[in-house]
Amino acid sequence: MTLPHDYYLKFVSSEVLDETLAFHAKGNYTIHTICQHASTLHHIPSKELEALTGNELPLNILEKEAPDQYFTLSPLKPEHYLKRNESCDWFVERPLDFETIQSLTAPLLTQEGHSYKRGYPSGGAIYPIEVFFVNLDNRISRWPSESNVLHLLPSSKTFETNSPQIDATKLTQAIIPKVSNIGRPALALLYIAYLPKALFKYRYRGYRLALMEAGSMYMLIDLRCKELNLQSRPWSGFTDYEITKCLKLNPALFTPLCVQFVG
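Counting in my numbering, the sequence shown runs without a single skipped number right up to 263 at its last residue.
Worth double-checking, as some hints may not be accurate.
With a straight-line cut-off of 16 Å between C-alpha atoms, the simulated EDC-like cross-links for lysine to aspartate or glutamate are [unchecked claim]:
| id | residue 1 | residue 2 |
| --- | --- | --- |
| 1 | K157 | E112 |
| 2 | K226 | E112 |
| 3 | K26 | D240 |
| 4 | K178 | D137 |
| 5 | K226 | E86 |
| 6 | K170 | E112 |
| 7 | K201 | E79 |
| 8 | K170 | D137 |
| 9 | K248 | D137 |
| 10 | K157 | D89 |
| 11 | K248 | E112 |
| 12 | K178 | E79 |
In short, the hints are calculated from the structure, not lab data.
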């Protein structure tokens, strides 16, 4: 069943929507060459930052327990299918075909034999996360549309095209600002929450569920990339309103949560 996307607004409190949007906006920041000299995320010295990175958090700090052999745990073997590759630090330019992109979508589609359940968990089976596939700088061969952006329709098991009027160059710059140094990924997946859909049933808690859902989705795509011999990397170095503006989406209703690069 398909509903007009604005139908969800009928069941959403304007107060809940406004407060959730305001909270989300606190995590937004501007990445641009004009202000790069004046903007920063933190002022933590590199030595301190290194000491603060990668630590576990023991809670029983008052007692020093002897290691118990019954508590010994083992990590996944290198060849295990659930062992993910490390996030790619530098994407080397390589040819990708659209058929590979089609294969990449499999974990996100509606499951065979079910009318709406998809390959990842979603609170109340609401599925508020929309995924946009972006052909970065036309690096994917046999791309089927004039538009460099395709919107995934998981139940229909297909894509819909965005307007060809989208400026692909500006969108690519919004996703990968010039100050970034990650190489040349071929594809970007944009995970964007549609807030009315996220909030109409669970209100404020729906925002949390949407974040959980986006994490489940990009982890599945990460493992699928390994299976297809692709490199992957989740990415948050973007400015929300630049992406929504380039995609011609209403920034009061659509909130970008994460980008995932593939190459």
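Take a quick look at whether K248 and E112 sit within 16 Å of each other, Cα to Cα.
Violated - the C-alpha atoms of E112 and K248 are around 33 Å apart, more than 16 Å.
Is K226 close enough to E112, meaning Cα to Cα at most 16 Å?
23 Å, violated
Next pair to validate is K157 with D89; report whether the Cα-Cα distance is within 16 Å.
31 Å, violated
Straight-line alpha-carbon gap K170 to D137, limit 16 Å:
The hint holds at about 11 Å.
Given the hint that K26 pairs with D240, test it: the Cα-Cα distance must not exceed 16 Å.
11 Å, holds
Hinted pair K178 and D137, Cα distance within 16 Å
The given pair, whose Cα atoms are some 14 Å apart, holds under the 16 Å limit.
Are K248 and D137 close enough, with their CA atoms no more than 16 Å apart?
Outside the cut-off at roughly 19 Å; violated.
K226 paired with E86 [C-alpha distance capped at 16 Å]
Judged against 16 Å, a Cα distance of about 10 Å means the pair holds.
Mind checking the alpha carbons of K201 and E79 for me, to see if they're no more than 16 Å apart?
42 Å, violated
Given the hinted pair K157 and E112, is their alpha-carbon gap at most 16 Å?
Judged against 16 Å, a Cα distance of about 11 Å means the pair holds.
Quickly compare the C-alpha distance for K178 and E79 to 16 Å and report which way the hint goes.
37 Å, violated
Are the Cα positions of K170 and E112 separated by 16 Å at most?
Distance of about 38 Å is beyond 16 Å: violated.
Hint compliance for this structure: hints 2, 6, 7, 9, 10, 11 and 12 are broken, all remaining hints hold.
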